[in-house]
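J.: Sequence:
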Amino acid sequence: MTIAEIAKLAGVSRAAVSRYLNNGYISEEKKQKIKKVIEQTGYRPSLQAQTLRTKKSKLIGIVLPKINSETISRIVAGISQVLSEKGFQILLANTENNVQKELEYLNVFQNNNVEGIIFIATLLNKEHKNIIKQIDVPVVIIGQKVDYTSCIYHNDYLAAKQLTEIMICNGRKKIAYIGVTVKDKAAGLERKKGYLDALKSYHIVANENIMTESDFSMESGYDAMKRLLEQHEHIDAIFCATDFIAVGAIKYLKEKQINIPQQIQIVGIGHTKLSEIITPTLTTAHFYYKTSGQDGAQMLLDLLKEQKKVIKEVKLGFEIIEQQSTK
10 MTIAEIAKLA GVSRAAVSRY LNNGYISEEK KQKIKKVIEQ TGYRPSLQAQ
60 TLRTKKSKLI GIVLPKINSE TISRIVAGIS QVLSEKGFQI LLANTENNVQ
110 KELEYLNVFQ NNNVEGIIFI ATLLNKEHKN IIKQIDVPVV IIGQKVDYTS
160 CIYHNDYLAA KQLTEIMICN GRKKIAYIGV TVKDKAAGLE RKKGYLDALK
210 SYHIVANENI MTESDFSMES GYDAMKRLLE QHEHIDAIFC ATDFIAVGAI
260 KYLKEKQINI PQQIQIVGIG HTKLSEIITP TLTTAHFYYK TSGQDGAQML
310 LDLLKEQKKV IKEVKLGFEI IEQQSTK
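The numbering of the sequence shown is my numbering, which starts it at 10 and goes up by one.
Errors might be hidden in some of the hints.
Calculated cross-link-like contacts (lysine to any residue; reagent style SDA-like; alpha-carbon spacing at most 20 Å) [what the hints assert, rightly or not]:
(1) K324 with L310
(2) K142 with E124
(3) K321 with D145
(4) K182 with A215
(5) K75 with T300
(6) K75 with L132
(7) K39 with G51
It should be emphasised that the hints constitute simulated quantities derived from the structure, not laboratory data.
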């Protein structure tokens with residue numbers, strides 16, 4: 010199927026079809042005729058031909074930390090939905106949380122004719138900043154707040170603070186903390202600050218001895234909970250930086266026949282599917298991950314249209330989902 014054949018079937022000129030495929034102006038009547046023919050025939054324009062003709066590849070590179078993560082898949086679904094509607098294709102680079110791979114993929118995308126890059130970030134350092142500032146296509150970071158490129162991030166601090174306050178208001182005073190490295194400014198630093206400020210606002214002295222770090226896995230949450238309880242039996246509540254950490258902690262508590270929430274209350278962040286099916290169900294914060302992907306993709310499209318170096322920033326809200334683990 011060629012442009013000429015599409016034009017003939019739609020009863021319009023080849024120029025009209027070309028403008029339609031390249032998002033140029035045509036009347037609504039012609040647009041609907043062309044759209045109908047394309048849908049009926051399943052026509053797909055040649056990406057190579059479009060690139061040669063328009064100097065635009067219609068490719069967007071996405072650098073992500075872990076492809077099998079539920080939260081990451083929700084973000085990518087949002088990105089894909091918006092970009093596919095505008096005729097873009099995506100290239101996924103899975104780094105397995107390897108910083109060196111992230112830097113390599115940023116360079117690969119920069120040198121391989123993508124029109125823009127979306128970076129779903131966890132740990133960021135000076136090398137990331139230096140590379141991103143040198144890239145000559147728009148870059149949008151999702152998940153972290155930065156000042157050197159456009160970004161979309163969540164209100165990690167306030168979500169953590171409000172979740173901790175729920176347990177305090179339920180009469181809990183010995184609230185432990187299982188977090189991730191503070192090098193991750195969102196899930197690590199901001200969530201820990203929210204936890205600490207909640208304690209401070211209720212005049213509870215923070216105890217470093219009942220604070221520990223893990224990675225993002227259930228296994229690590231299980232091990233962290235085991236360490237804490239073996240050394241500090243007086244704990245009556247636990248803030249976990251993620252749902253997966255919390256689920257691992259719950260598994261250990263149930264093995265030790267510790268009643269939740271009567272003896273120990275627990276919260277997480279993320280509102281994953283596990284938080285709804287585990288027993289007891291988990292009090293958590295719902296972050297709009299798919300929305301962050303949609304907004305990140307739209308932000309990138311807007312930057313491509315503007316064709317100038319601007320920096321945009323969006324902070325998304327959240328919803329507290331209070332369930333059985335604190336009731």
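J.: Hint by hint, note whether the structure agrees.
T.: Hints, one by one, checked against the model:
1. Between the alpha carbons of K324 and L310 the distance comes to roughly 18 Å, so the proposed pair stays at or under 20 Å and holds.
2. Note on K142 and E124: the hinted pairing holds, with a Cα-Cα distance of about 16 Å set against a maximum of 20 Å.
3. For the proposed pair K321 and D145, the alpha carbon gap of about 16 Å is at most 20 Å, so the pair holds.
4. In summary, the hint linking K182 to A215 is supported, as the alpha carbons are separated by about 10 Å, within the 20 Å threshold.
5. A distance of roughly 19 Å separates the Cα atoms of K75 and T300; the hinted pair therefore holds under the 20 Å criterion.
6. Of the pairs offered as hints, the one joining K75 and L132 holds, with about 13 Å between alpha carbons and a cut-off of 20 Å not exceeded.
7. Of the supplied pair hints, the one linking K39 and G51 holds, its CA atoms being roughly 18 Å apart against a limit of 20 Å.
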